[in-house]
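Please model the entire structure based on the sequences and the hints provided.
Protein chains in written order, with our numbering: chain D, 1 to 427; chain C, 1 to 427; chain P, 1 to 427; chain V, 1 to 427.
Just so you know, these hints were derived from the structure itself, not from any lab.
Please note that a few of the clues may not be correct.
Pairs involving identical chains hold if they fit within one copy or between any two copies, as the list cannot separate such chains.
Stated by the list, open to error - List of simulated lysine-lysine pairs, DSSO-like, C-alpha gap at most 30 angstroms:
no., residue 1, residue 2
1, K386, K116
2, K265, K109
3, K385, K341
4, K414, K36
5, K274, K235
6, K109, K164
7, K305, K36
8, K274, K232
9, K425, K235
10, K109, K200
11, K200, K164
12, K274, K414
What follows is each chain in one-letter form.
There are 4 protein chains.
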Amino acid sequence: MFEKFNKERSFEQVRETAKRLISAHGESNAQSIALKLVDQYERLDARQRQVFFDFLSSDFNPDPAKVKAMADAYASDPSASNLIALCRQTEPRRQELLRRINRAPGGTKAIVEMRKSLLPMLKDHDSWRVIDADMHHLLSSWFNPGFLELHQITWESPAEILEKIIQHESVHAIDGWDDLRRRLQPDRRCFAFFHRQLPKEPLIFVEVALVPSISRDVNVLIDKNSPVAETKTFKTAIFYSISNCQSGLRGVSLGNFLIKRVAQKLAEEIPTLKVYSTLSPIPGLTRWLEAGAPLEAAEVTAPLKRKMEEARRVLGLPGRSWSERIKEGWCPQTCSDREQKALMSLGAAYLKHYTTSRQGDAVANFHLSNGATLHQLNWAADLSKKGLQQSAGLMVNYLYELDKVEEQHEAFSKGKVTCSRSIEKFI
Amino acid sequence: MFEKFNKERSFEQVRETAKRLISAHGESNAQSIALKLVDQYERLDARQRQVFFDFLSSDFNPDPAKVKAMADAYASDPSASNLIALCRQTEPRRQELLRRINRAPGGTKAIVEMRKSLLPMLKDHDSWRVIDADMHHLLSSWFNPGFLELHQITWESPAEILEKIIQHESVHAIDGWDDLRRRLQPDRRCFAFFHRQLPKEPLIFVEVALVPSISRDVNVLIDKNSPVAETKTFKTAIFYSISNCQSGLRGVSLGNFLIKRVAQKLAEEIPTLKVYSTLSPIPGLTRWLEAGAPLEAAEVTAPLKRKMEEARRVLGLPGRSWSERIKEGWCPQTCSDREQKALMSLGAAYLKHYTTSRQGDAVANFHLSNGATLHQLNWAADLSKKGLQQSAGLMVNYLYELDKVEEQHEAFSKGKVTCSRSIEKFI
Amino acid sequence: MFEKFNKERSFEQVRETAKRLISAHGESNAQSIALKLVDQYERLDARQRQVFFDFLSSDFNPDPAKVKAMADAYASDPSASNLIALCRQTEPRRQELLRRINRAPGGTKAIVEMRKSLLPMLKDHDSWRVIDADMHHLLSSWFNPGFLELHQITWESPAEILEKIIQHESVHAIDGWDDLRRRLQPDRRCFAFFHRQLPKEPLIFVEVALVPSISRDVNVLIDKNSPVAETKTFKTAIFYSISNCQSGLRGVSLGNFLIKRVAQKLAEEIPTLKVYSTLSPIPGLTRWLEAGAPLEAAEVTAPLKRKMEEARRVLGLPGRSWSERIKEGWCPQTCSDREQKALMSLGAAYLKHYTTSRQGDAVANFHLSNGATLHQLNWAADLSKKGLQQSAGLMVNYLYELDKVEEQHEAFSKGKVTCSRSIEKFI
Amino acid sequence: MFEKFNKERSFEQVRETAKRLISAHGESNAQSIALKLVDQYERLDARQRQVFFDFLSSDFNPDPAKVKAMADAYASDPSASNLIALCRQTEPRRQELLRRINRAPGGTKAIVEMRKSLLPMLKDHDSWRVIDADMHHLLSSWFNPGFLELHQITWESPAEILEKIIQHESVHAIDGWDDLRRRLQPDRRCFAFFHRQLPKEPLIFVEVALVPSISRDVNVLIDKNSPVAETKTFKTAIFYSISNCQSGLRGVSLGNFLIKRVAQKLAEEIPTLKVYSTLSPIPGLTRWLEAGAPLEAAEVTAPLKRKMEEARRVLGLPGRSWSERIKEGWCPQTCSDREQKALMSLGAAYLKHYTTSRQGDAVANFHLSNGATLHQLNWAADLSKKGLQQSAGLMVNYLYELDKVEEQHEAFSKGKVTCSRSIEKFI
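Shown next as C-alpha cells:
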C-alpha cells in the first residue's frame, strides 16, 4: 500500500518535471530541469515507465480541432503564414520536450535508452507508436551522418571500447581478446561510427578483411591463428561483418553510410585495393525453403519455373524443417551434385526475385538497396551452426562498385536486381 | 544573351540536384549528391540565388488538399496512425532536403551560410519565410546546447580563432592583438560555444572580468593598460560583453545557455566568486527619450507619472535629437544634478516598465528573460561615442542569482520585472 | 664457409658505420648514419653481436698516455682550461657514439635493447663492463625523472599498453583481462612512467589499493571477484606491487620517484587518504633462514642473541631447505604458536639488522633507502606458492610518511633502520 | 647592513641546498630538494648569482691528486675497472648536481636560463668556463635531436607561440601579426623544434618559401602584400630565415638538424619540390672589405690575385667605412658595372676562400659545414638597412642536395668549398 503510493508519487514527479520543462517559455533553465527529468526517469521501475509512456503518448499530441482549423486555413490560402502556423500546430509538443531533454548532459543517451526500452513493448501498445515516431524523427536528424565520426578501431583503442566490440559483434562472434587482436592486425580492419554525445559507445561497426581476391569462405577470414598477410597482397576488401550496437537507434540509417565511408577511406589509404565486396549470410533462406520456396507468378519465367520445380523435387520441399535435416546429418559436404545444384538454383532465385518483396531477405535488401550487386553465390561457405541452420551453409558476395552504386540503387528501387553472370546461370 | 543562358542553366543544375537529393528513396548516396548541391549553390550569383530561394519556398510545401484530408481523419479519429500520417504529410519536404544537405561534409556550415544570405532579404520576400522557418527549426535542433562545446578562449588558443574574436566583438571593440591579450589575462576570461561541424568558428562568446565588487564603469574593465589583479581579489564576475558570430543562427537560443554554463564553470573553478552580474548598455534608451519617453497608462502610478513629467520638462523632451545634443556638447560630466536625477529616473522607468512591451530594450529583454534582475543603474559609465549616443552614458548591472533565475524568469514571463531598491528609488 | 664470410662482413659493416658515425666532425648527418647503424646492429646474430661488443669495449677508450699527461697538467695547474681538456680526454668516445646513435628515430630504444642483451653476458666478459658503465651513465641522464611522464593506466588505456602490464607484472601475476579490469576499478589504481622516445612502453608501474586501513593480507587485494569499495572508504593507499618493464634500464633509478610521485598525485586527488604504505614480500627471508639466520656480532644485543638462539632451535635451523619443508606440508596455518613466534622474531631481525648489509633483502633495501620505515610484520599474508617459498608466507608493510622520508633516508644511509613498536617487540 | 646580511644569507641558503642535493646518497628525494634549489636560485640578485657561480665553479671539481692517481693506475693497467673508476673520479660532481636539478619540474628550463645569464659574463670570469663546459655537455645530450619534436607553426598555433616567433625572428624582422599571417600562408612555411620540458618555447625555427625557382631577391619573399601562390607552382623550397630562440642553448647543434628534417618533411608532403636552397645574407662581408679584403697567400692563385687587386682599386679599399659610404649615398642600384663586378668578385672570393678560416663568415660556415654548396651570388638582393650595411646588398643561395650533403660536409671539413660555375666565374 505504502510502496504503491511511493511509486505513483515518483511517476508524478516525472510528470511534473516534464510539464515544467515543456512550459518554460523562452526555454530559460531548460538544462537543469532536463537533467532532473532524466534522473527521475531513470529511477522509475518497469511499471512506472509504462505509466510514463502512457502519459508521453497522450498528453503531447496536437489538438485535432485546432489542426483542422489550420489545415482548412492553409487549404483556402496556402500562404507562408498559414503554413508556418500549421506546422507549428501539428508537430507534437513531444518533439519539443525531447529536444529540451536533449539539452541536459547525457540527454541524448537518455533518449536512446528510453527508445531501447520502448521498442520491444510497441507491439502491445499501439498508442505508443507516436512516441516512437517522434523519437525516430529526431534521432534521425541528430545521428545524421554529417554529425557522425568515423574512427578506426585498433589494438591501440581503449580496452573499454574494444570490450564493446567483442560484446556487440553479432555476425561472427569474437572469441575473447586474442581473437579480437587477430581481427585488428594490418590485414584486418575495423571501423565504427561514433557520436560526440555518446563518446564511449560505438554505434555501428564493420569488419573488413584485406585479401588478394573475393573470398568464398568465411572460415578462413575469421581463423584467429591465420598468418598476417603482407601489404602488397591487398587487392580486395571484404566486408565480412557489420553489427549495430545501439538498439535504441533502430531504423536510423547508419550502415549504408558506414560501408561507403569505409570503402572511400580504404581506397585513399591503400591504392592497390580495387574491389569492394561483402561476404554475407542469407539469413532468410531456409525459412523460405521450408515454406516451399514460393515466388510470385510475375517474377517467374517459364525456364525458371521448370528449374524451381525440379529443385523442389530434388530437395523434397517443403518436407522436413531444416533443423530436422541437420539433426539427421544433412551437411553441404555430403550433398550430391544434384542437391547442390538445386540449392544453388533456389538460393539464386531467392536472392534475385524474392528480395524485392516485403518479406525478402533483410541482408540482401540492405546491400542491394545500398546500390550493391549480387556477385557470387558460395557453396559450403559458412559451416557454423548458425550458417547451416539459416543459410544452408551458403554465403553470397555483394559487390560495391563505388561509381555505380547510385545507379544500381535507383534500379533496385524500381524492382530490378543486378546480378553477375555467375549468378544468372543458376536461374 | 549567352551569359544569361549559362546562369539559368546553373540554377537548373542546382534544381536538378535538389530534386535528385530529395527523391532518392532509401536515402542511399545522399552524401555525394548533397556535396554536389552545396558546391553548385555556392557558385550561384546573387540573382540565381533568388531564383533558387523561389524554388525552395514553392516546390517543397505540403499539398493543402492532402493535409486537409489527414487533418479531418485525425479530427474524427485521433489515433496513433492518423497522427503519424498527419505529421508526415504536414512537414514540408524542405526539411528533409535540408537534413540531406546536412549529410555532406560542410553541409551544416552551408545551411548556416544560406540562411545568413536569406535573412536580410526576407522583408522583401514574404514567401521565403517558410524557408527561414524550416531552417530555424532544424538549426535550433542541431545547435541544441546539448550539442555545443564550451571552450575557454586564452592566449594559447589558435590565432585563427582569436582573429575571429577580434572581428566579431560587437559591444566594446577590441583594438588589435595587444588589447585582446589584456582581455585574456587571468583577471579577464573569455568563453565561446563551438559546434563540431564548424570547428574553427566561435558561435557566440562572452567576456568576463573578475573584480572585487560590482563594476560601475566599463572604461576600467576594458583599459588595456590596467594592471592584472591578483587571484585573491576575485569576488565578482562581470559579464561585460556578449557577441554573436554567426548571423545565420539568428533566433537560435545560445546566449542564455552560455551565460549560465560560464557562471557555473567559474563557480567551480574559483570558490571565492560570490556575485555574477553584467555591466550592460541600454541601447534603446535615447531613442525612447527622443520619442518623448512614452509609457502605457497601465504601468504608470500617479507618483511615477509626476516624476516622469518633471523629468521630461527638465530634459526638454522630446526636443532635439540626442546626437544634436552631443554635437552641442552635452555630456554626463557637465550635467546638473537635476538633469542627472531626471535621466536616472527615466532610465529606471524605461528598464522596469518599458522592457516588457514588444519594442522594449533588446539587452534588457535578453537578461531579464534569462532570469536576471535589475540591480543598479550607473551614471557616466560608458563615455564612448556609442555609449553616449545610445545610452546617454548610462549602464546597468543585471544580477544573475543562479538559484533564483528560474523563478525570476517565470515572473518576467508574466510581466513582472524584479528590481533592487537602488533602482526602485528612482521611480 | 660462405656464410661465415657473410657474417663477418656484416659485422664489418657495423664497424664501418660506427666509425663513420663517430668521425663525422661537426656531427652533420649523424641522424642518417645512426639510423643505418641501428638497422645493421639489429640484423647481427648472437655471435656477431659479441664481436661488436668486443669492438665497442676496446676501440673507444681514452688513450692512457694522453689521459696521464692531462691529469699531470691538471694536478700542477687546476685551471679551467686544464680541467675542461682533462674531461674531454677522459670521457670514452663511446659515450659520444651512443649520443649520436640516440639521434636516430628509435635510437633510444635501440640502446636500451642493446644493454638488455649485454647485461646477462657481463659476468663472462669483464671488459664489456665499460660499455655497460657508459650506457648506464647516459641512460640515467636521459631517463632522469624530470624527463619521465607519469600516466595513470585505466580501462580506457590502449589495449596494447594493457597487454604489457599483464605481461610485466612480476609480483602478483595478472590472470588475464578480467583480472586486469578488476585491478583498474576505482578502488585500485595503476600508474606507470613513460618516456617520449618509447611511447608505447611502460617503463615501470605500480599498483595501488585504496582501502580503509593498512592491509595485512594480499589475497584480499588481488581477489578479482571482490566488490568495488566506495570512495568514502579510501583512507589508506597500499602499494602492493611494483614492476620494472625494461631490463635494459637496470640500475636506473625509477621506482623511488614513481612511488613518491604517485603518493603525491593520490594525495591531491583524494583528500581523505592519510596513510601510504606498501604490502611487500620478503624475498630473501627463507634463503637467510636456510643459511642459519646469520647476523654480524655488532648488530646483536644480548637479549636478541638469546631470542634468535631460541628461534633457531624451535625451527631447527639451518636444517632442511624451505622447499623440502613445504613439500612435507609446512604451512603457516598449521604452525604452532612457538613456531610462529620464532619466525616472526627472525623475520623482524632479518629486516631490521640484515638489510643494511650488502647481501640484505632487495625489497627491504629499496623501500628503506627510499625513506620508508618498517611498520608491521604480517603472518600468513601471502599463501601463494612463491610467497611460501621465498617469504615463508610473511609480508611486511613499509610506511611512507611523505614529510619524513628525507630524514629517514639519511638515517638509513647511516645504517639506522626505523621500526614501529609492533616490530620492535619481536626483537 | 641588514640588507647585506640578508643577501648573503640567501646565497648561503642556495649553497646549503646545493650541498644537500649532491650529498643525498641513493638520490632519494632529489626532486623536492632540486625544486627548492631552483626556487632559491631564481630569487638571487645579480651580485649573489656571481657568488653562486664562484661556488659552482670551485666546489665541484675533481680532486687533482686523486685524478692523477687514477690516471696513473689506468696507464699502468688499462682495465675496465680502472677506466670506470677513472671516469667516475674525473667527471666534475657539478654534472651530477645539474642532473639532479634537472629532476625538478622546470629544472631543465632553469639550467637553460642559468646558462643564459652565465654566458655573457664568461669573458670576465675565466674560471666559470668549467660551469659552461658542464652545462653545454649535458644540454647537448638532453637536446639531442632524437629528443626534439618538430612542429609546423601555422596560423592555428597558439598566439603565445606565435608571439615568440615574432619576437625571436632575427634575420628579417616580422612587422606585427599581419606580416606573420602572410608568412604562414600555404606558400610559406615555418617549422620549429620543441623540447618536452619547455613546451611553450620554440627552440629554433626556420622560415621557408615555396616558389617556382631559386629566389634572387628576398624583398619579394617577405612582402606581406604579395599574393599567395598556387600549390602547383611549388618547385623550390627557399630557406630564407633561421633564428635561435634560446641563448642558453648556444653551441648546442640544432640548426643543421632542423634544416634537414624540414627538407625531408617537405619532400614527403610536396612531391613537386625538387630544389632546396637558402637565400642568405653575408653578414661578415663589409667588415672584411673594410679590412682590405685580406686572404692568406696559400688560397690565392695568380689570376685571382690580379682580380682582387683590381677590385680593391675600383672600390677604393680599405678606404672609408661602409656606413660612411651608405651615408654618402652608396647603394647597389647606382653602382657602375665595374663596381658591381668588383663587389661580386670579392664576395665570391670571400665566401669561397675566407670561410674556412676561423674568422670566416658565420652563416657561410654554418651552411657549408652542414653539407650545402655555394650556388649563386645575387646582386641588390637585400636592400634593407641591415642588408646594405653588413652584406653590401648581396645575398647568396646555399644549395642543399640531400643525397650529397654527407659527402660535401666531408669535403668542407677538409677545407674544400664546392661552388657552382656561376660563382666560379667571378673568381
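Now the hints, each set against the structure:
1. K386 to K116: For K386 and K116, only the intra-copy Cα distance (26 angstroms) is at most 30 angstroms; the inter-copy one is 50 angstroms.
2. K265 to K109: both (28 angstroms within a copy, 23 angstroms between copies)
3. K385 to K341: within (22 angstroms within a copy, 62 angstroms between copies)
4. K414 to K36: Answer is between; shortest inter-copy Cα gap is 24 angstroms, intra-copy 49 angstroms.
5. K274 to K235: Cα proximity of K274 and K235: one copy only (6 angstroms, versus 32 angstroms across).
6. K109 to K164: within (16 angstroms within a copy, 33 angstroms between copies)
7. K305 to K36: Answer is neither; intra-copy 63 angstroms and inter-copy 45 angstroms both fail.
8. K274 to K232: both (13 angstroms within a copy, 28 angstroms between copies)
9. K425 to K235: Within one copy only: 26 angstroms inside a chain, 56 angstroms across chains, cut-off 30 angstroms.
10. K109 to K200: both (11 angstroms within a copy, 26 angstroms between copies)
11. K200 to K164: Both: 9 angstroms inside a copy, 23 angstroms across copies.
12. K274 to K414: Intra 28 angstroms, inter 54 angstroms, cutoff 30 angstroms: intra-copy only.
Hint 7 from the list above is the single one not met by this structure.
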